[in-house]
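Using the hints, position chains B, C and D against chain A.
4 protein chains.
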Amino acid sequence: MATNIQCIGVLTSGGDAPGMNAAIRAVTRTAIANGIIVKGIYRGYRGLITNEITSLETQSVSNIIQRGGTILKTARCDEFRTPEGRRQAHDVIVEHGIEALVVIGGDGSLHGARDFAQEHNFPIIGLPGTIDNDLSGTDLTIGYDTALNTIMECVDKIRDTASSHERLFFVEVMGRDAGFLALNGALATGSEAAIIPEISLEKDQLAEMIEQGFRKSKNSSIVLVAESEVTGGAMGVAERVKKEYPQFDVRVSILGHLQRGGSPSAQDRILATRMGEAAIEALLEGQRNVMVGLQNDELVLVPFAKAIKKDKPIDRHLLDVLRIVSR
Amino acid sequence: MATNIQCIGVLTSGGDAPGMNAAIRAVTRTAIANGIIVKGIYRGYRGLITNEITSLETQSVSNIIQRGGTILKTARCDEFRTPEGRRQAHDVIVEHGIEALVVIGGDGSLHGARDFAQEHNFPIIGLPGTIDNDLSGTDLTIGYDTALNTIMECVDKIRDTASSHERLFFVEVMGRDAGFLALNGALATGSEAAIIPEISLEKDQLAEMIEQGFRKSKNSSIVLVAESEVTGGAMGVAERVKKEYPQFDVRVSILGHLQRGGSPSAQDRILATRMGEAAIEALLEGQRNVMVGLQNDELVLVPFAKAIKKDKPIDRHLLDVLRIVSR
Amino acid sequence: MATNIQCIGVLTSGGDAPGMNAAIRAVTRTAIANGIIVKGIYRGYRGLITNEITSLETQSVSNIIQRGGTILKTARCDEFRTPEGRRQAHDVIVEHGIEALVVIGGDGSLHGARDFAQEHNFPIIGLPGTIDNDLSGTDLTIGYDTALNTIMECVDKIRDTASSHERLFFVEVMGRDAGFLALNGALATGSEAAIIPEISLEKDQLAEMIEQGFRKSKNSSIVLVAESEVTGGAMGVAERVKKEYPQFDVRVSILGHLQRGGSPSAQDRILATRMGEAAIEALLEGQRNVMVGLQNDELVLVPFAKAIKKDKPIDRHLLDVLRIVSR
Amino acid sequence: MATNIQCIGVLTSGGDAPGMNAAIRAVTRTAIANGIIVKGIYRGYRGLITNEITSLETQSVSNIIQRGGTILKTARCDEFRTPEGRRQAHDVIVEHGIEALVVIGGDGSLHGARDFAQEHNFPIIGLPGTIDNDLSGTDLTIGYDTALNTIMECVDKIRDTASSHERLFFVEVMGRDAGFLALNGALATGSEAAIIPEISLEKDQLAEMIEQGFRKSKNSSIVLVAESEVTGGAMGVAERVKKEYPQFDVRVSILGHLQRGGSPSAQDRILATRMGEAAIEALLEGQRNVMVGLQNDELVLVPFAKAIKKDKPIDRHLLDVLRIVSR
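Protein chains in written order, with full-length UniProt numbering: chain A, 1 to 327; chain B, 1 to 327; chain C, 1 to 327; chain D, 1 to 327.
Certain hints may be false.
Remember, identical chains collapse to one label, so a pair may be satisfied in a single copy or spanning two.
Derived EDC-like pairs: lysine to aspartate or glutamate, alpha-carbon spacing no greater than 20 angstroms straight-line [unchecked claim]:
1. Lys312 with Glu244
2. Lys312 with Glu281
3. Lys312 with Glu298
4. Lys243 with Asp320
5. Lys309 with Glu166
6. Lys242 with Glu202
7. Lys312 with Asp297
8. Lys310 with Asp115
9. Lys242 with Glu208
10. Lys39 with Glu95
If you are wondering where the hints come from, they were derived from the structure by calculation, not from laboratory data.
Chain A on its own, in the form it takes in the complex:
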């Protein structure tokens, strides 16, 4: 069923991710090329309630493909978690003549999209924008590749000083629920190990590392640790090591918010551009309440329920590869 949409809104929500601007650009220009008016909504769902909405023209999105962050800003919005808040948002949407939404964000943002779409029978297309890569139904999320490269560049620098001083570094990276950044970051940097949430509840990764003869030599080592309440993150792991293996010269580095920023990588810009174009194509074909995903290098449409299912598996063979190549 093809539809006849004349005006859409676009917003970014949740934690910002590099490539969001490239997605906004592609959504805006593809819509305009199809004769659709585009409204930019500021600060995620909050802008739907506080009525912070502006028109986006072709020129509005010039020269933003290379910029980190999001020109539409982002914010958390507690009101939107309530039916009353979503009703307010719907009123504003109707007032502006917006007939469909493109929502760029992570898990929480797609939850909100699903609820809103159901309650108000409103067409929404989601784009996966999060550095954590923890959305199901898509091999890659917008921002993940850039964050991985940012982590790599930071750890490359830390290695300079680690190997000059022959120290053991625990470096904390983002990914509270998913170890993609920590595990692939460790592979990319020649780190000796990764401590990731998928394994944290199963067994004591640190004890196992030590048993397997980790750091027999006195050379420097780097271990990437996903932030975690189970392990205590890099700080928690380092405290244990200091107590149990006092011979090691231990240091901690927490990469923190800089992982979210920076000019997006080529892959993220291309992914965001392709997904942004596909979002409008999907709307024109009458699709609604799906997330655009990438599977086997093809763009697919994934129901919101599937995308937010939190069951995206990590490739455990990579843990073996890491152990073998870091000896």
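Just chains B, C and D now, kept in the frame of chain A:
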């Protein structure tokens, strides 16, 4: 059929590509972890003839994952294109007790591998190492992602000056036979068009661009042009434009050899590491005369004949996406 | 003599240089902090004739310190080289109530500033904005440090491929009249030699290099060549080498316009910020027709005539250092 | 008085700094060019006691100019702080025939050099290698410019997310005793303020910022905070803000050890190369017990006592510039 290989050789051949060192590291360490002796062969196939071979230990490949180029050097080798040359190479291989080879390189390198393997019934595993991404049977080659990011960073810089001066730039990138770098580079940089070899013989891409209203406004524009004898590359296209559209303020930039260098991206380091490990696994399983490829994010084994077939299609839909989003 | 200026104009002229935006930002905000209205003039002197002028507020220059290029654009302007053109410009200036100008640019731009100031008895402060570092009266120009780092990063990449293939590369950098980029670029990259304009007319730098035993070994080498009509630049030098020393495997790379772009380095952002603030301080103190320069890390005021004198010497001892450390 | 030195030792000591390798390279090659044998001492002064010393040839320092860290490693050495330890070190030095030392390091390293030189009447030349820029007698130290650029790149990334979320970030940088990195880092990144040790004891910088109307608008802001026991660093300042100004959405980022690493900037490579060459020239001229410094872009020799005096002033006018341009 599992085999009992005790000594392998590893070499890099053809144009160097970022990630080759990460592949050498993974091949070496995985082999050693399996009790296999590793010999590094210098300057590609030439080192097999001139007998430039060294032992590689775990420490030999420390701290190289982040470096561009190849610690084993690379070179062209005309002798190896003859049966006589390959016979000499085989003698040297036998002398060193090398029982299998891992060859990291592009199209020409895999041709050589196939011929040698057939003539001497010798086990070889190939790894796709080339920035051009023009090998069939694999979605990605080692070095492509880094080259794409290098192009992107250069074009981002050129755009600063292009938009300050409101000029039209033709930027030449590598890819004589394949437009992956030019097309995806254009998408990643917000360039207005890409002129690629896959289309060059079909139609006049430049004329079409102009007819479709390219550069109606006086703003700056950037067009990525794959090096080509058909179009004459960036210089050839620019000459035509200067003649036919003298109103444009045209500049040319040829990115050249710097596209081959630089510290590899996270994706290339991870890909090279995974492929290096898989090459040894394949040998241990008795595989031979195949290239390790990546399909749908799974590692697969591809017969040499398939890999060098030069029929890897470019996604033509991306040309439409480029036209839509660059308006 | 303190003055009572109420409105100034700011423009960027000539080739763009990284840090121009940081200078515009500092000029604008310092002026506003002193109660002065700021007008941004587009496309250098041309905007004074075509009347492309806009008001700049504090917010207009937000988030530009990190961007290459110039938000005010730049252009050449032949009319402004004539008294008639400058008269037109003066009319526009009077019309807008502009009482003083800050001009950010290189040699040609300061020539124009001097002529205009003299003819119309008009207060102008110049800021040295050029990657070539060829202005007298200042140790550093805005953009030079960034261009030097850009050259360094490119040559670092080229070295990867040069040493993998054991080739001799001639890399052409900007600096038609001044060898700062070529000589310091060679020092920073471990290149073996630099061919610079200051020496080109004195002697045959290439012949001397070869006589002194250059490239006795077969390792890779990189030579930085300033663009030049005397030597023919990298292409000219390479042609001679190919003829006279056919045993070398020679390649050429011309870095071109990407040297002008990119996010400015810390040094350029700080220099531009300090100079921008000092320009307004100078105007408030009644200074006019001087360029802000940096001497011994102190900001000084330099008469235009001195700045454009083209007699800035290069430190020839650095040529000796280069020869010694590159052996 | 010219001397006739036949063998020198070179070592890096204290915290590592980018550019140390460039200095080692220049020292080694200049010495060899003058017929002097070079011994590399591992792990700073400790290697003098544990006898970890190797010969350095021209090839030993190939391809290291672009690498962070130090190929000679570095370490703290408590024994060397005692006369007994320094006696042991002297015995090892005599055993190796080392007649002079080049010591690359910071404040503590030069203290050690001074004591050793006095007790054993031994010629030492120091090079200022520290990212903190806190040595007197030199405008710049090796590593400072790279660290400043690293901080800038990190803060540029943090700004992306800060402005997307409209948050107030306190970013902690190195410089316990000297605010060069914090103040110039703030200038380079368009941060709103810097809290530096030079001012910490005089007055309450945070209270003053707030009184002066800091962050009246709700936009994002970034404040750079030098690590400090007086202020408690970024964490200490943020805690105070959360208590006293609960309306701000505050975040903290501690850049930590990555500030020490990374490929050195052009300026640091050139500075290190010039200083390394000058160190050998100084030895050949009979100089001893001086540090090579840079003053007004000229290399000078500074007595150790002057260099370690800890009285290098920060330019307080820059605090005013920061306040004006960040409004």
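To see whether the hints hold, each was checked on the structure:
1. Proximity of Lys312 to Glu244 under the C-alpha cut-off of 20 angstroms is found in neither arrangement, the shortest distances being 34 angstroms within a copy and 43 angstroms between copies.
2. For the identical chains of this complex, Lys312 and Glu281 are neighbours neither inside a copy (26 angstroms) nor across copies (26 angstroms), given an alpha-carbon limit of 20 angstroms.
3. In the homo-oligomer, the alpha carbons of Lys312 and Glu298 lie at most 20 angstroms apart both inside one protomer (18 angstroms) and across protomers (16 angstroms), since each shortest distance falls under that limit.
4. With identical chains, the CA atoms of Lys243 and Asp320 are never at most 20 angstroms apart, being 27 angstroms at best within one copy and 47 angstroms at best between copies.
5. With identical chains, the CA atoms of Lys309 and Glu166 are never at most 20 angstroms apart, being 43 angstroms at best within one copy and 30 angstroms at best between copies.
6. For the identical chains of this complex, Lys242 and Glu202 are neighbours neither inside a copy (23 angstroms) nor across copies (38 angstroms), given an alpha-carbon limit of 20 angstroms.
7. Proximity of Lys312 and Asp297 under a CA criterion of 20 angstroms is satisfied in both settings, with 17 angstroms inside one chain copy and 14 angstroms between copies.
8. Taking the closest pair of Cα atoms, Lys310 and Asp115 come within 20 angstroms of each other only inside a single copy of the chain (17 angstroms); across copies the shortest separation is 49 angstroms, beyond that limit.
9. With identical chains, the CA atoms of Lys242 and Glu208 are at most 20 angstroms apart within one copy only, with a shortest distance of 16 angstroms there and 40 angstroms across copies.
10. Taking identical chains as interchangeable, the C-alpha atoms of Lys39 and Glu95 lie at most 20 angstroms apart only when both belong to the same chain, with a minimum of 12 angstroms there against 39 angstroms between chains.
Checked against the numbered hints listed earlier, the structure breaks hints 1, 2, 4, 5, 6; every other hint is satisfied.
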